[in-house]
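S.K.: Chain by chain, the residues run as shown.
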Amino acid sequence: MKLSLTIKFIIFLHLASIIPLLIVGLSAYEVSRTTLRDELKRSTSQLIQQQQEYLDLQLDQIESLITNISSVETITHALAEEPAPEDSYTRLATQARIGYILDGYANLRGLVSIDIFTLGGNHYHVGDTLDISNIRTDVRDRLVLRARSLGPSEMWAGIEQNVNTVSNTEQVLTVLRLISITDRGSPTTRPIAALVVNYDIDYLYEHFRRIDLGAGGILIVVDSEQRIVYHPNQQIIGSQLSSDLKERLQSTQDDFTATIDGEELLVSYARLSRHGWAVMSLIPTKTLSARAATISTAMGIALLVAFTIAGAAAIIFSYTIVAPLRQLTRRFQLYRADVPGWEAPLPVRGHDEIAELTRWFNLFSESLQMRWKIEDQLRHQATHDALTGLPNRVYFSEQLAMTLARTQAGEESSAAVLFLDLDRFKIVNDSLGHAAGDQVLIITARRLRAAVRMDDTLARLGGDEFAILLNQLNGTDEAIQIADRIKQELGAPFEIQGVEVALRASIGIAIISNTYANPEDLLREADTAMYRAKAAGGTGYMIFDDAMHQQSMEILRLEADLRHAIGRHELHISYQPIIRLDNGAIQGFEALIRWHHPERGEVAPKDFLPLAEETELIQQIDMWVLRSACTDLRHWHEAGHPTLGVSINLSARNFQNMRLVEQIQAIMLETKISPRSIQLEITERAIMTDTERTISILEQLSDLEIQIAIDDFGTNYSSLAFLKRLPANNVKIDRSFVNDISTSLDAATLTSAIIAMGHVLGLKIIAEGVEHSGQQEFLSKHGCDLAQGNLFSLPIRANQVTMLLTNGLNREPVAF
Amino acid sequence: MRHTNNIHTFWILATLLLIVDGLVGCSQPAPNLSLIEPTNTRHDAEQQVSSGQPHIALVMKTLTNPFFAEMERGARMAESELGITLIVKTAAQETSIDQQIAIIERLILDQVDAIVVAPGDSTSLVPVLRRAQEAGIVIVNVDNRLDESLVYEMGLVGVPFISVDNVDGAYQAAQMISQRITTPTEVIVLEGIPTAQNAIDRTNGARKAFAENPNITIVAIESAHWKIDESYEVTSRLLKEHPQVGAIFCANDMMAFGSLKYLEEIGRSDVLVAGFDALPEARVAVSNGRLVATIDQQAAQQGYLGVQYAVQLLAGEQLPAETLIPVQLIDQ
Numbered sequence: 004m005k006l007s008l009t010i011k012f013i014i015f016l017h018l019a020s021i022i023p024l025l026i027v028g029l030s031a032y033e034v035s036r037t038t039l040r041d042e043l044k045r046s047t048s049q050l051i052q053q054q055q056e057y058l059d060l061q062l063d064q065i066e067s068l069i070t071n072i073s074s075v076e077t078i079t080h081a082l083a084e085e086p087a088p089e090d091s092y093t094r095l096a097t098q099a100r101i102g103y104i105l106d107g108y109a110n111l112r113g114l115v116s117i118d119i120f121t122l123g124g125n126h127y128h129v130g131d132t133l134d135i136s137n138i139r140t141d142v143r144d145r146l147v148l149r150a151r152s153l154g155p156s157e158m159w160a161g162i163e164q165n166v167n168t169v170s171n172t173e174q175v176l177t178v179l180r181l182i183s184i185t186d187r188g189s190p191t192t193r194p195i196a197a198l199v200v201n202y203d204i205d206y207l208y209e210h211f212r213r214i215d216l217g218a219g220g221i222l223i224v225v226d227s228e229q230r231i232v233y234h235p236n237q238q239i240i241g242s243q244l245s246s247d248l249k250e251r252l253q254s255t256q257d258d259f260t261a262t263i264d265g266e267e268l269l270v271s272y273a274r275l276s277r278h279g280w281a282v283m284s285l286i287p288t289k290t291l292s293a294r295a296a297t298i299s300t301a302m303g304i305a306l307l308v309a310f311t312i313a314g315a316a317a318i319i320f321s322y323t324i325v326a327p328l329r330q331l332t333r334r335f336q337l338y339r340a341d342v343p344g345w346e347a348p349l350p351v352r353g354h355d356e357i358a359e360l361t362r363w364f365n366l367f368s369e370s371l372q373m374r375w376k377i378e379d380q381l382r383h384q385a386t387h388d389a390l391t392g393l394p395n396r397v398y399f400s401e402q403l404a405m406t407l408a409r410t411q412a413g414e415e416s417s418a419a420v421l422f423l424d425l426d427r428f429k430i431v432n433d434s435l436g437h438a439a440g441d442q443v444l445i446i447t448a449r450r451l452r453a454a455v456r457m458d459d460t461l462a463r464l465g466g467d468e469f470a471i472l473l474n475q476l477n478g479t480d481e482a483i484q485i486a487d488r489i490k491q492e493l494g495a496p497f498e499i500q501g502v503e504v505a506l507r508a509s510i511g512i513a514i515i516s517n518t519y520a521n522p523e524d525l526l527r528e529a530d531t532a533m534y535r536a537k538a539a540g541g542t543g544y545m546i547f548d549d550a551m552h553q554q555s556m557e558i559l560r561l562e563a564d565l566r567h568a569i570g571r572h573e574l575h576i577s578y579q580p581i582i583r584l585d586n587g588a589i590q591g592f593e594a595l596i597r598w599h600h601p602e603r604g605e606v607a608p609k610d611f612l613p614l615a616e617e618t619e620l621i622q623q624i625d626m627w628v629l630r631s632a633c634t635d636l637r638h639w640h641e642a643g644h645p646t647l648g649v650s651i652n653l654s655a656r657n658f659q660n661m662r663l664v665e666q667i668q669a670i671m672l673e674t675k676i677s678p679r680s681i682q683l684e685i686t687e688r689a690i691m692t693d694t695e696r697t698i699s700i701l702e703q704l705s706d707l708e709i710q711i712a713i714d715d716f717g718t719n720y721s722s723l724a725f726l727k728r729l730p731a732n733n734v735k736i737d738r739s740f741v742n743d744i745s746t747s748l749d750a751a752t753l754t755s756a757i758i759a760m761g762h763v764l765g766l767k768i769i770a771e772g773v774e775h776s777g778q779q780e781f782l783s784k785h786g787c788d789l790a791q792g793n794l795f796s797l798p799i800r801a802n803q804v805t806m807l808l809t810n811g812l813n814r815e816p817v818a819f
Numbered sequence: 036m037r038h039t040n041n042i043h044t045f046w047i048l049a050t051l052l053l054i055v056d057g058l059v060g061c062s063q064p065a066p067n068l069s070l071i072e073p074t075n076t077r078h079d080a081e082q083q084v085s086s087g088q089p090h091i092a093l094v095m096k097t098l099t100n101p102f103f104a105e106m107e108r109g110a111r112m113a114e115s116e117l118g119i120t121l122i123v124k125t126a127a128q129e130t131s132i133d134q135q136i137a138i139i140e141r142l143i144l145d146q147v148d149a150i151v152v153a154p155g156d157s158t159s160l161v162p163v164l165r166r167a168q169e170a171g172i173v174i175v176n177v178d179n180r181l182d183e184s185l186v187y188e189m190g191l192v193g194v195p196f197i198s199v200d201n202v203d204g205a206y207q208a209a210q211m212i213s214q215r216i217t218t219p220t221e222v223i224v225l226e227g228i229p230t231a232q233n234a235i236d237r238t239n240g241a242r243k244a245f246a247e248n249p250n251i252t253i254v255a256i257e258s259a260h261w262k263i264d265e266s267y268e269v270t271s272r273l274l275k276e277h278p279q280v281g282a283i284f285c286a287n288d289m290m291a292f293g294s295l296k297y298l299e300e301i302g303r304s305d306v307l308v309a310g311f312d313a314l315p316e317a318r319v320a321v322s323n324g325r326l327v328a329t330i331d332q333q334a335a336q337q338g339y340l341g342v343q344y345a346v347q348l349l350a351g352e353q354l355p356a357e358t359l360i361p362v363q364l365i366d367q
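Protein sequence lines, in the order shown, are assigned to chains Y and X.
In the numbering used here, each residue carries its 1-based index in the first sequence increased by 3.
In the numbering used here, each residue carries its 1-based index in the second sequence increased by 35.
None of these hints come from the bench; they were simulated from the model.
Worth double-checking, as some hints may not be accurate.
Restricting the straight-line Cα-Cα distance to at most 25 Å, the calculated cross-link-like pairs of lysine to aspartate or glutamate (DMTMM-like) are [claimed, not checked]: (1) Lys289(Y) <-> Asp247(Y); (2) Lys727(Y) <-> Glu708(Y); (3) Lys124(X) <-> Asp205(Y); (4) Lys249(Y) <-> Glu72(X); (5) Lys609(Y) <-> Asp585(Y); (6) Lys124(X) <-> Glu357(X); (7) Lys124(X) <-> Asp433(Y); (8) Lys243(X) <-> Glu357(X); (9) Lys609(Y) <-> Asp564(Y); (10) Lys124(X) <-> Glu209(Y); (11) Lys490(Y) <-> Asp458(Y); (12) Lys727(Y) <-> Asp433(Y).
Now the stretches of chain X that chain Y is said to cover, found in silico as 3 or more residues with beta-carbon under 8 Å [what the hints assert, rightly or not]: (13) 291-301; (14) 315-325.
Quick caveat, the model's predicted, so the values are computed rather than measured.
Just so it is clear, CB atoms sit at the ideal spot from N, CA and C, and this is done for glycine as well.
Excised from the complex, chain Y in its bound form (with noise of 0.2 Å):
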């Protein structure tokens, strides 16, 4: 059998106080019924007794009362001289005289009558009545004859009518005597009268009624001929007691128990010295079991209290403890189930081990919580942006592996991914602020979400980019629509910094079809659509489509053929002359990379620089071309050319190198070439990307006295502070300033201010792109250091360096 704790506790309960409580309830019980019964045995017997006592004394007053009466000679002669019945005189004076006499015994406290009956038919009578006309004759018979049946001095006593038919009292205890006299000479006796004097009944009763039996116990008198004559019911007085009562009083000596008239009575009997009376006691055996009932009563109130206390300790045990660890219990199968509410905490009360436990569930619980929501946040931190809140491109990404999964599985059946870029962002980012860039995007990111439809995925890829997923569209036109609807939100201007700015996006769009398993190619298929839409400006959205993945293809194989270039020597480098502007001398040479492609004949570099740029080809490339022209170089310098130097150019990539430093120290070891014969041209946007670590790097090298050129200066807006701040040795002036030198004023005051201001840092000035004369002119009037382009001369191959060494420039000198 299963027990439930509270049962245990209950039976444990039980065992423990109430058991012991009821055994020693009822043997106090069983006890105390005994004795209560001997002692009410004793005390009813002792009780007895003294009645038995005071009617002996009664009636020894009595018989006295009728000796002393029997034996006045006044009375006896006057009895013995039966009057004739004519006799007026006689009667009249016997009467008198013996009422004188009689009356001097009638004041005997409950005495009714003292009554003469001649056995001559004379009645003397003294008592409560005078009238004596009329009496009950067979109760006088009836005296008269047990009287002369009696012996003398003999009496009778027992309970009788009253002979006097006029007195108020009925029923009487008679006592009789018979009165006999002795004639002188005769040696017989003669009887001569019956006496009879009878008492009140009522006054035995009012003193057996004092006695007290306790609850319904009665005391009982009767006489020789078991009439009875005390009995608390008036009514009874007189009658007879019952022959089966009769007869089991005559058979029984001791106490017993019986039941009379319905009710069962423990009887007890003591038989009085004379007249064959008895006295009686009937006492209820409830009455004792009454007596005894209180205790039983006691241990009935002491075993509810104990029920009572036991229930409230089950009550409060399941209260206390039961319900609180099914409460755990539950708790913890709902945690496992994993049904919410699990966690809510527990009400803890008082101090013991379950409020222990309930505490600590509790802790449990809430740390459980606590680290739930850190794994909640870093979540969301993982897959959310900070600033706008928008999900990241990992999540992005996530969330379209799904899409192409249910697209693959059939489940999806039209859906897009848009890149979308912001237009002109760096400048808004650049002359307001990055605050301002933070607001913009924000702005962007609320805008986005009102124009995408409730399903949709939006997610901020990276600085202005954003992608949005569309799940279930109805074909591209959908898409487009939607396109639409971004293009439309974005345009609203608002203001920024009290400065109105207009948004502009450019939209790619890639659908989504079972031909993709990477979620990356898809970004960059819209990617690559989206530069489409920017580069193409007008309508600001562009679907990827064949054309394009043609496109597309073309760059990475491309690229792929750019990743063997190296190794099948397809790359060499063409040398562009550095002049020197106050004199025409050649410097030194800018080593430009070529790529020989085996199908395609020459790549211009712009169609694979940038190629090279986005992966780490560029690294490789950058080495190498620096390892070629130090080896050039070496060339150069043994065949009587010293002072040469040469300029390599450093992709923004190489600065993620960490071994970049080393490398160089190492190559240039290797080709035996002079730090000081290198110069290392890095783009004023190169130094922009990551300024401090690119500083870091410079000065670096700068320590090794390798030459810094700034390539490309002008185009980037950075400040002479910002120069101030650079190891450089040469700013190189953007070529399309160089440009417009003899078209624009601008272009040429801006020039000369570069100039200008380079000297004033220290710094040389090398002009690019120098294709004209004028060009020369001004920029040697203006103090100009060095300069290259087609007006000294084509970039050519090293072997035709050595050549241009020997023979010189192969133009005409221009007049420096």
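Starting from the known structure of chain Y, arrange chain X on it as the hints suggest.
M.R.: Just chain X now, kept in the frame of chain Y:
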């Protein structure tokens, strides 16, 4: 689960209670007896009279004079008719005045509602009766009148008196003797207790009747205290002193029988004797000529009326101070 627990608890409780009950209630069966014989019950249920009934005591002078038995009979009749409880108390002898006083004192203690008294003495009982009245007990005076001046003096007011005209009764009885006397004759008057008013009245009535006859000479007026045996003694003494006596007026029949007893013993049946009270024995004696006359003063009616007056007084009714019942002469 909770429900199951409760059922368990209930059964445990119930079992334990059954055990307790079983141990406590172990009893052996006994045969059913009855206390009394069913046929033998007393038949006097009506005897149980309500104690709310007024208790009226009739206090009389002697238990030896049938006159008072007659008075009691009348009172008993009133008892059964008027629904009261009658208590009859009697002194042993006519002279037992102290006993009568003691009886009344006892009745005061017993707190009876009314006392109908035939006082043995007209004065001695006044104080005790006054006490009884102060204790709230209604008093009715019968037979012998209480002394009026003393009653007034003691403040014992509102006590009605019921009796006969004793003067007239005695006068009528004495006249019957007087009518028979035509020659000068010595006459004796045996009177009752001299302090009792009825005794005095009767003596006066007799003297009045005798005074009307010039032939009559009253030689002695003596008291035999209403008693039969004393009258025998007194008669015997007086006849020795006055052997010529021709008539005796006795104030009651008992004394008349005492006188007759002596006269018959000495063979003087010629002496005219008259009594008073009209006892049954006296009526017989009148009819056979032994007595000249007797006076029926209707003792039973006095008893009846006494009780009735007591009941009426208890009910707050106004009653005449004196009610005299007409006497009846019994003669040949």
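S.K.: Now tell me, hint by hint, if it's right for this structure.
M.R.: Hints and how they fare:
1. Lys289(Y) <-> Asp247(Y): Roughly 23 Å separates the two Cα atoms, so the pair holds.
2. Lys727(Y) <-> Glu708(Y): Measuring from Cα to Cα gives roughly 18 Å; hence the hint holds.
3. Lys124(X) <-> Asp205(Y): Cα-Cα ~18 Å, so holds.
4. Lys249(Y) <-> Glu72(X): Holds, because 10 Å separates the two Cα atoms, which is no more than 25 Å.
5. Lys609(Y) <-> Asp585(Y): This hinted pair is violated, its Cα atoms lying about 32 Å apart.
6. Lys124(X) <-> Glu357(X): holds, 23 Å
7. Lys124(X) <-> Asp433(Y): Since the Cα atoms of lysine 124(X) and aspartate 433(Y) sit roughly 149 Å apart, the hinted pair is violated (cutoff 25 Å).
8. Lys243(X) <-> Glu357(X): Cα-Cα ~23 Å, so holds.
9. Lys609(Y) <-> Asp564(Y): holds, 16 Å
10. Lys124(X) <-> Glu209(Y): Between lysine 124(X) and glutamate 209(Y) the Cα gap is close to 21 Å, so the pair holds against 25 Å.
11. Lys490(Y) <-> Asp458(Y): Roughly 19 Å separates the two Cα atoms, so the pair holds.
12. Lys727(Y) <-> Asp433(Y): holds, 20 Å
13. 291-301: Coverage by chain Y holds for the region 291-301 of chain X (4 residues, Cβ < 8 Å).
14. 315-325: holds (count 3)
Comparing the model with each earlier hint shows violations of hints 5 and 7; every other hint is respected.
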